[in-house]
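The sequence shown begins at 1 in my numbering and counts up one residue at a time.
These aren't lab readings, by the way, just hints derived from the structure by calculation. Wrong hints could be hidden among the right ones.
What the hints assert, rightly or not - Within a straight-line C-alpha distance of at most 16 Å, the following computed EDC-like cross-link-like pairs (lysine to aspartate or glutamate) qualify:
id, residue 1, residue 2
1, K317, D71
2, K70, D49
3, K531, D371
4, K333, D540
5, K237, E158
6, K358, D540
7, K490, D506
8, K358, E336
9, K102, D516
10, K531, D424
11, K531, E370
12, K317, E29
13, K317, D49
14, K127, D88
Said to hold, decoys possible - Computed Cβ-Cβ distance ranges for the label pairs, DEER-style:
id, residue 1, residue 2, range
15, K531, V112, 47 to 55 Å
16, T530, F157, 47 to 55 Å
17, R143, G487, 42 to 50 Å
18, D348, S225, 46 to 54 Å
19, D50, N201, 49 to 57 Å
20, N468, S225, 24 to 32 Å
Note that CB positions come from ideal geometry on N, CA and C, so glycine has one too.
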Amino acid sequence: MRKSMILALTTAALLAGLSCSAKSQKTTECVNPLTYTDIPDNDWIRVGDDYYMVSTTMYYCPGAPIMHSKDLVHWEIISYVYDVLNDDDVYNLRNGRNAYGKGQWAASLRYVDGVFYCLFIANDQGKTYVYRTDDIYRSNWERSVIDRPFHDASMLFEDGHLYVVWGNGQLSIIELEPDGSAIKAGAEEKVLIDSPRQGFNLRAEGSHIYHIGDYYYVLEIDWPSGGVRTETCWRSKELMGPYERKVILSGPFDGRGDGVAQGGIIETQNGDWYAIMFQDHGGVGRIPTLQPVTWVDGWPILGDDGKPVKQFEVNLKPWGENRTWASDEFRHKKNELDLVWQWNHKPDNALWSFTQRKGWLRLTTGYLAEDIMHARNTLTQRTVGPRCVSEVLLDASGMKPGDNAGICALQSNYCRIGVEVAEDGTKSLVGVNRVPPARRRMRGAQAQPEQPQGNGETEVFRMPLTQNQVWLRIRYVFTPQADDTCGPDKAFMSWSLDGKNWTDVDAQLQMSFSLDLFTGYRTALYNYSTKQTGGYADFDYFRQNTY
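Take these sequences, add in the hints, and give me the full structure.
Put into structure tokens, the structure is as follows:
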């Protein structure tokens with residue numbers, strides 16, 4: 001009897017284990033955010049069993065990353081829509097010009113008859129770009145340029161016609177040529193939706209239009225006065241309206257007062273519906289969340305009855321891993337960057353190399369710059385929350401007088417630590433915090449009583465460096481954990497002369513998501529010169545880890 005009971009219990013446990021295993025293979029657990037990093041203005045599509053998502057990267061090059069997934073939870077960068085928007089002063093950081101806070105905004109992604117389409121504005125140029133490819137894994141798509149900006153636009157392909165909906169507060173519609181190459185001859189612009197004006201800080205932005213069943217749906221974001229960023233849906237049985245309105249997602253999320261909104265909805269091959277919406281999340285940027293969609297009386301209601309959810313099961317098998325950032329040992333045989341990297345503006349490809357010193361990334365100066373914000377060939381990668389550490393090994397033996405090389409927590413408020421070469425050739429290890437003068441006036445100067453230099457930089461650490469190799473780290477705390485003694489959005493610099501014993505710089509940076517750059521913090525590898533060109537800095541590796 002006892003043996004029978006044991007056997008029965010063992011069998012039951014085994015079957016339960018098999019059941020749990022089977023369940024884990026059939027569904028994928030989603031714990032928001034999808035990836036705790038800066039991936040805003042999401043739009044996405046399904047092609048068969050594959051899902052593709054595009055995001056905003058503004059002035060970074062290459063731009064408009066395409067990400068792929070099969071389970072909606074794990075996303076990997078597979079290509080970029082373009083290498084550079086324009087080979088001009090703006091993207092070459094010449095003559096005081098730049099695209100900070102501008103460039104590529106809020107793309108719309110669609111797939112029709114074997115062709116992928118991507119439409120977005122470049123708001124520094126007042127133009128709209130429409131890109132096309134039949135191979136989404138190949139970067140640098142074919143493009144057309146429309147000489148007017150369609151702000152936060154969305155494409156709708158309908159019976160051989162292509163419409164674009166765009167705007168802010170007042171959403172308009174116009175027909176394009178079927179391939180998106182131009183505004184259709186004779187097409188008239190019409191106001192599609194005029195959103196309520198009273199009681200809103202932000203009205204009807206971030207459009208996504210769909211034709212689902214009997215209705216046309218336009219999803220957009222609002223920001224009610226005294227409320228949070230909110231996702232609103234408009235629907236009509238006729239494309240040109242009239243449209244009725246309903247809030248489909250609203251509420252603070254994940255311990256923050258910031259709402260979750262702006263993005264698209266999609267139906268899986270299993271008939272389930274989901275949405276990807278982003279949340280403003282301080283210094284790390286605007287992070288994506290996946291929300292279940294329930295259809296109620298013909299309305300797509302997101303989350304849990306219109307409230308953002310943290311965790312749930314996705315009815316798709318687990319697949320792959322997140323790869324929107326990664327460590328890199330620089331052991332590349334050709335001068336080809338991993339897709340997780342982007343340059344700050346357009347690079348000069350003659351001035352960086354993996355092959356000049358095998359196993360190292362070499363950055364060579366070819367232009368003079370007053371600071372890192374004006375420096376060419378600064379290589380960047382997303383940071384990741386809630387906390388992460390970025391580390392490099394720098395060899396400064398090829399640097400010349402006036403050169404500055406190292407690692408930077410890059411946004412408008414930044415900190416950097418690296419090697420500086422004096423006119424007599426001596427080297428120093430230097431740590432710098434930068435708060436732009438205008439920002440300093442808004443926030444107050446009590447935290448940094450020292451007088452900043454003209455560009456807002458304040459030197460917080462300096463020591464003579466008598467060797468060429470130095471290990472550098474920046475530690476980020478975006479959301480403090482139980483063992484943290486600091487507040488949110490702090491960055492800390494440290495250094496080592498042997499890679500084993502580390503010393504912290506006695507200063508911290510208060511990170512801030514500022515609209516003048518409009519991107520989350522990136523870790524940047526830089527080498528620029530204030531005196532002469534031709535010096536080079538070698539980086540043995542880049543390692544980034546969460547902790």
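Comparing the hints with the structure gives:
Straight-line distance between C-alpha atoms of K317 and D71 comes to about 6 Å, which keeps the hinted pair within the 16 Å bound. Only pairs whose Cα atoms come within 16 Å are accepted, and K70 paired with D49 is accepted, the gap being roughly 6 Å. With a C-alpha separation of about 12 Å, the suggested pair K531 and D371 falls inside the 16 Å cut-off, and the hint holds. A distance of roughly 14 Å separates the Cα atoms of K333 and D540; the hinted pair therefore holds under the 16 Å criterion.
Taking the CA atoms of K237 and E158, the gap is about 14 Å. The hint holds against a cut of 16 Å. A threshold of 16 Å between alpha carbons decides the hint, and for K358 with D540 the separation of about 9 Å falls inside it, so the pair holds. About 13 Å separates the Cα atoms of K490 and D506, which keeps this hinted pair within 16 Å; it holds. A threshold of 16 Å between alpha carbons decides the hint, and for K358 with E336 the separation of about 13 Å falls inside it, so the pair holds.
Proposed proximity of K102 and D516 is supported: the alpha carbons are some 9 Å apart, at most 16 Å. Among the hinted pairs, K531 with D424 is consistent with the structure: their alpha-carbon atoms are about 12 Å apart, no more than 16 Å. Under the criterion of a C-alpha separation no larger than 16 Å, the hint pairing K531 with E370 is consistent with the structure, at around 9 Å. Among the hinted pairs, K317 with E29 is consistent with the structure: their alpha-carbon atoms are about 10 Å apart, no more than 16 Å.
With a C-alpha separation of about 11 Å, the suggested pairing of K317 with D49 holds against the 16 Å cut-off. For the suggested pair K127 and D88, the alpha carbons sit about 15 Å apart, so the restraint of at most 16 Å is met. Taken as a hint, the range 47 to 55 Å holds for the pair K531 and V112, whose Cβ atoms sit roughly 54 Å apart. Between T530 and F157 the C-beta distance comes to about 52 Å, which sits within the given range of 47 to 55 Å.
For R143 and G487, the Cβ-Cβ distance of about 44 Å falls inside the hinted range of 42 to 50 Å, so the restraint holds. Separation of D348 from S225 is about 47 Å and conforms to the stated range, judged on CB atoms against 46 to 54 Å. For the pair D50 and N201, the beta carbons lie near 38 Å from each other, so the given range of 49 to 57 Å is not met. The supplied range of 24 to 32 Å is broken by N468 and S225, whose beta-carbon atoms lie about 57 Å from each other.
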